[in-house]
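Trainee: Protein chains in written order, with the working numbering: chain A, 1 to 438; chain B, 1001 to 1438.
Chain B side only, calculated, beta carbon under 8 Å to chain A, not exhaustive: (1) I1140; (2) A1312; (3) W1325.
Residues of chain A placed beyond 10 Å of chain B at every Cβ, according to the derived structure: (4) G7; (5) A66; (6) A68; (7) D75; (8) G85; (9) S91; (10) T182; (11) R221; (12) A390; (13) R406.
These are calculated hints, taken from the structure and not from any lab test.
No residue lacks a Cβ here, since even glycine has one placed at the ideal position from N, Cα and C.
2 protein chains.
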Amino acid sequence: MAGKSIGIGMIGCGTVGGGVMKLLRDQADLYAHRLGATLRLRRVLEHDLGKHKAKADLLPAGSITADADAFFSTDDMQIVIEVAGGCGLISEYVRRALASGRHVVTANKSLLAAEGHDLFALARQHRVAIAFEASCGGGIPIITALQFGLMANRIDALYGILNGTCNYILTEMTRSGKDYATALKEAQAAGYAEADPALDVGGQDTAQKLAVLASLAFGVRVTGDQVPVEGIDSLQVLDVRLGAELGYDIKLLAIAEHTDAGVSLCTHPCFIHTDLPLAQVHGPFNAVSIYGHATGHTMYYGRGAGEMPAAAAVVSDLLNVASGWYPQAFAQLKLWGDADQPATLVDSDDLVSRFYLRINALDVPGVMAKVTKILGDAGISLSAMLQHEAEPGRFVPVVITTHQARRGSVLAALQATQALDEIDGKPVCIRIVDMPPG
Amino acid sequence: MAGKSIGIGMIGCGTVGGGVMKLLRDQADLYAHRLGATLRLRRVLEHDLGKHKAKADLLPAGSITADADAFFSTDDMQIVIEVAGGCGLISEYVRRALASGRHVVTANKSLLAAEGHDLFALARQHRVAIAFEASCGGGIPIITALQFGLMANRIDALYGILNGTCNYILTEMTRSGKDYATALKEAQAAGYAEADPALDVGGQDTAQKLAVLASLAFGVRVTGDQVPVEGIDSLQVLDVRLGAELGYDIKLLAIAEHTDAGVSLCTHPCFIHTDLPLAQVHGPFNAVSIYGHATGHTMYYGRGAGEMPAAAAVVSDLLNVASGWYPQAFAQLKLWGDADQPATLVDSDDLVSRFYLRINALDVPGVMAKVTKILGDAGISLSAMLQHEAEPGRFVPVVITTHQARRGSVLAALQATQALDEIDGKPVCIRIVDMPPG
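Looking at chain A on its own, in the form it has when it is part of the complex:
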């Protein structure tokens, strides 16, 4: 790859692909200086003719094609960028690129979360590399930090805010007291949420990114569908407000923890203390807190999405691959877990944590004695309680925070409280995550 010119192909030319084209056009001199070689975008594969037209001014005539065979037969194409997203046909294209000896730079977290280990094995087999900085955390170089910067560490835990749509909505619910539906509508109007926000607000996008990061951090085999997921779409603004009174901010967290029983993974709305660095991450920003056994706590913050941040992550990968060092590192280092070693995952019921519980209780004497007896009998010890004054005889929200307890036991106890006449509706249970400050 030390030659004068390096040929690039790109699959997909939507938002991120357009950003990649702009960077390659506008910063050609900078990249040629850093690399000692010229990057040439030779061919783009895109099935959507509308995108052909929209990007026509960024490429020489005829370089965009909808014909996969024409694309893969392009001469002098050493690196293939994949920014189309999704699995299925795109997976076939990525495999075809690898099998034909092309390095792949991809932004595709859903593909990596589902088929990462097979793809990495295929890449090694054909002596090429896969670079994937843009798959998690957008413009934040979190993959580079995990792969190389924290190399000396055994990673103990990782907590990430990985979806800008959710964080924008939760920030609005917290700051302005808006309910979920209103905050979602505003996020859509502001361009921070898709017309169909299901994958974002349902937590699946975050869970896929967590699978990628956990595979890398712990060197184990884990897929996106192994991550227990709870989204923000059923979150009530009442709980956001009551949590704030107790000193907590609500965040949709991707959590991976190394425990004696195995790797604990989950994606759900959590309360974290307002003093923690992650609690300061507002609006569409993303951040990841990583705890290394030697380095302690480090945090990485930035824009998790958007045309140019994502494109910059893709092009950084492209430069690192084109320079030849990344393929060498990919071949040499055991960074992505051994394909033969599936992760031992902790069942989410066995998760031990603190919890925020809210029940709707009739304000009559003796109710709390019954509720706390149920919790006590289940071995759950209480940390704090919050109930505002209410008219006697009416239902009123009562908040209880627990000390460390097994999640399964907490959920069972909550279900038992539902059988009480004095309790109305389904109780709410939100995990409280106590990250070590260091």
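Knowing the structure of chain A, use the given hints to seat chain B on it.
Mentor: Relative to the frame of chain A, chain B by itself:
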């Protein structure tokens, strides 16, 4: 370097060196798995016999020596770690290591800030690499992020909290209202400040780290002594308090900005808005905010010092060098600025910024008219004012914040106010840094 065993030498075995030895001993299996090769610490060069004894249990007998010739004649020593610090003799050792074909991993910011460009040229000449993650930001992989993770960006600006001692003292002054001398004594008692804190509190340590980061970020040649420095040792707690009333936190910042006139570098106590991510960095923690033209704002946070965070940065470098990819990247990429291209630096008087000004003014009619006239005549426009009620006829602190103004003009105007009979003592001028939120 693909062999089974890679020989390491280490210069210095103080705190960080001890941490490196512990990591190599305790994580030998992890590193062998990641690397596919075994790291062997063969010889340590240390002139302090006390440290020989203290570290005796971490090394085979006879492997610590005070004899440089014996050290450099060690067989099978492909990589030399330098954790002794300082220039002079240590510079000679580093040069000797490079000239004898050994890669160097160093934590030495003062050496790199003074002689980095010569050392990098020497390394290239002998086809070896210098890795230096531990030189700035301790355990935070900020060098890796700048070298590789943000590769596609033209870096526009960089703002760093790079000295844990100073940040600890400033946090105490802010939170508890202690004066500088008291906060320093407590930092010393808590182990966050040296018995002789001059290089930390005077800002030189921060300035050296800034020289390293700016060379890397902007690809220019700059040395530590080219950075204008102001420490925190003359900072008054009154200004910390008045700044807080206006919504600002005080931080000792390392600042590098790309401007049309050249690179603007400085290290001084600054006010930043309490809402900014950098304002949330408390106690001994460090953080660096980087603004890339495409990625926008990213921030990197963690422990800037301490045995294990620094040792982990050294050992991460060691693994990256030993795997062979880092030497290839070092040889291939134009990351550290061309030695022939010294930076065009903006004179600190030509710095354009907002400023916090405090004067001690007699509370009589007409004083503020005179002061504001002097500022207005100098073309300095006011943004806000703050004066608490005081007894008439007494001196009272008056705070003025400016809009964007040239620093030289502001200082000249302040000096002119000193000539007024109604002004007592030397006015205070502290820069207000308005970082873009994105």
